[in-house]
Amino acid sequence: MNRIALIARLTFHEARRRKIMWAAVLLGLAFLAIYALGLYFLRGEILEGMEQYPQGALTGLNMLVMMALYAVNFLIIVMTVLTSVDTIAGEVASGAIHAIAAKPIRRAEILLGKWLGFAVMLVLYAALMIGGVVLATRLLTNYTPPNILRGSLLMILEGFIVLHLSLLGGTFLSTLANGVFVLGLFGVAFIGGWMEQFGAMMHNETVVNIGILSSLIMPSEAIWRWAAYLMQPPILRTFNVSPFGSNAQPSLAMVVYTLAYLAAALAFAIRNFSRKDL
Amino acid sequence: MTTSLAIETHSLRKEYGPKVAVADLSLSVQRGEIFGFLGPNGAGKTTAVKMLLGLIAPTAGAGRILGRPLADMEVRRKVGFLPEHFRFYDWLTARELLHYHGRLLGMTDAACRAQIPELLNMVGLLRHADQRIKTFSKGMLQRVGLAQALLNDPELVFLDEPTSGLDPIGRRMVRDVIHHLRERACTVFLNSHLLSEVEITCDRVAFIREGVVVRTASLRQLVQGETAVRIRAAGVTPETLDGLHRWGREIRADGEHIHMVVDEEDSLPAIANWIVASGARLYALTPERISLEDLFMQIVGTSGETE
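Which chain is which? The protein sequence lines are A and B, in order. Just so you know, this note's numbering puts 247 at position 247 of the first sequence, and the rest follows in order with no gaps. Just so you know, this note's numbering puts 237 at position 237 of the second sequence, and the rest follows in order with no gaps.
Honestly, I wouldn't trust all of these hints.
If you want a taste of the chain A side facing chain B, the calculated C-beta under 8 angstroms gives, among others [unchecked claim]:
no., residue
1, 17
2, 18
3, 104
4, 105
5, 106
6, 184
7, 187
8, 272
9, 275
10, 277
11, 278
Source of the hints: derived by calculation from the structure; they are not laboratory data. These figures come from a predicted structure and were not determined experimentally. By construction, the Cβ of each residue, glycine as well, lies at the ideal position given by its N, Cα and C atoms.
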């Protein structure tokens, strides 16, 4: 356990020393500032609308929040890929791994230590960004989207999918190939998710099945859509087809599947790395 | 159980698909010995070391280090390793790098703080302790790598081309470090293709060619036992020349000049007697120590690339 924590600390140290952490936090704050500023200037119209036409104004406001959260969701994914994509692959390529792997530490502990470091960073970044959006919205308009906690957890879960795939890819691909691998899978899930939504809207089962298949290969988009579904007002759920929302019926099976998927990806990464000739 | 062997391997083999990196590695290295592992580039030296350290899984064969199976977690605490072309996170300082490695070895923070300045001093980097690795030259990086391999007072140290990237002063420092390890009765496994270095430091050497250990011998045996002899004599008959086979081999005659290799220096007076008694006129008989380099060329040949 001690050794896992040591590798996690090293991972954290790197993010700090190489200014990755500061760049992420400062630009994250810039993102939140722009959002809050925009909301601040729209606030008059929104509050006025709430009085005259509450349903419509609420829908509009929710759309605005969901748009921000959609962007945050995307940022979480890209940040997770960028920070973790090089960690195993790069150290194997440079030979930096040799001196570590010859020490009294199991390969599984090296991998889990890195996982822990990136997991903490992922959760902190998500907390900053989602928390910032929700807090700004609450302070300026006194509105909070429904099920915000469950929605946030699902967004973090999506980040973990990407993290696990990136660690797995790093055990058998080069850094660049790993980046292409993870973001490519994200693309598959994205287009599959859209196909599923359109299929459902047009009652075309074949297209829905294509979407489901893509979600099984890479569940990220399905998890985002469930998060979006939960954080919309119920009225929007029935007809909203946009990247910021979803009309998909959430399925608990998908979350269970995703957890199994995460466990399998990490187990494969550990197995690959443990057997790898360095 | 304690054993007198630091390293013991039986027919270790590593294949990468159809390519055989190490064909048959059978070695025994005594505790406290400075053991040189010689071979041309691409002969499988690094692969062999990585197998001993558990970084690479052998395709076949078995081995033990310090009496424990290869890749054993506990034994790694007592083993130091300087990889070829040492590289590490360049955003750390030398001191931080050593601290992380010390902690990985299970040393306490206090033990790290006590030992690190000592090691940095030994490799001549104390002045640069708090400088980032990024600003280091190749030689300085190699020195940090060496310090890292000596953390926690190891019983067995693997050095893979330790002087690569070092200037003459750095090479001298490596020699001094090895000397210091010898005094501490630490076993050193030295991978090298720099023969002069091995000649100065090692007790015993193994020659590896195309993944096979072709010969193992003590350096004393090798360098003192085999002696090349140059003879200048007139009137040597073919019978006299033939008779020289009793004391040596590789006999070549060119006019008055004869060249041969004898197994031991003690046979030189007998050779002189034989030539004089045969009626030839002996002008000179000069023993020449065979350099390790000549031996290397003899044993390993010219296969492999040269640097």
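Against the structure, the hints:
no.: 1; hint: 17; in the structure: holds (4 angstroms)
no.: 2; hint: 18; in the structure: holds (5 angstroms)
no.: 3; hint: 104; in the structure: holds (4 angstroms)
no.: 4; hint: 105; in the structure: holds (6 angstroms)
no.: 5; hint: 106; in the structure: holds (7 angstroms)
no.: 6; hint: 184; in the structure: violated (27 angstroms)
no.: 7; hint: 187; in the structure: violated (32 angstroms)
no.: 8; hint: 272; in the structure: violated (13 angstroms)
no.: 9; hint: 275; in the structure: holds (7 angstroms)
no.: 10; hint: 277; in the structure: holds (4 angstroms)
no.: 11; hint: 278; in the structure: holds (4 angstroms)
Checked against the numbered hints given earlier, the structure breaks hints 6, 7 and 8 and satisfies all the rest.
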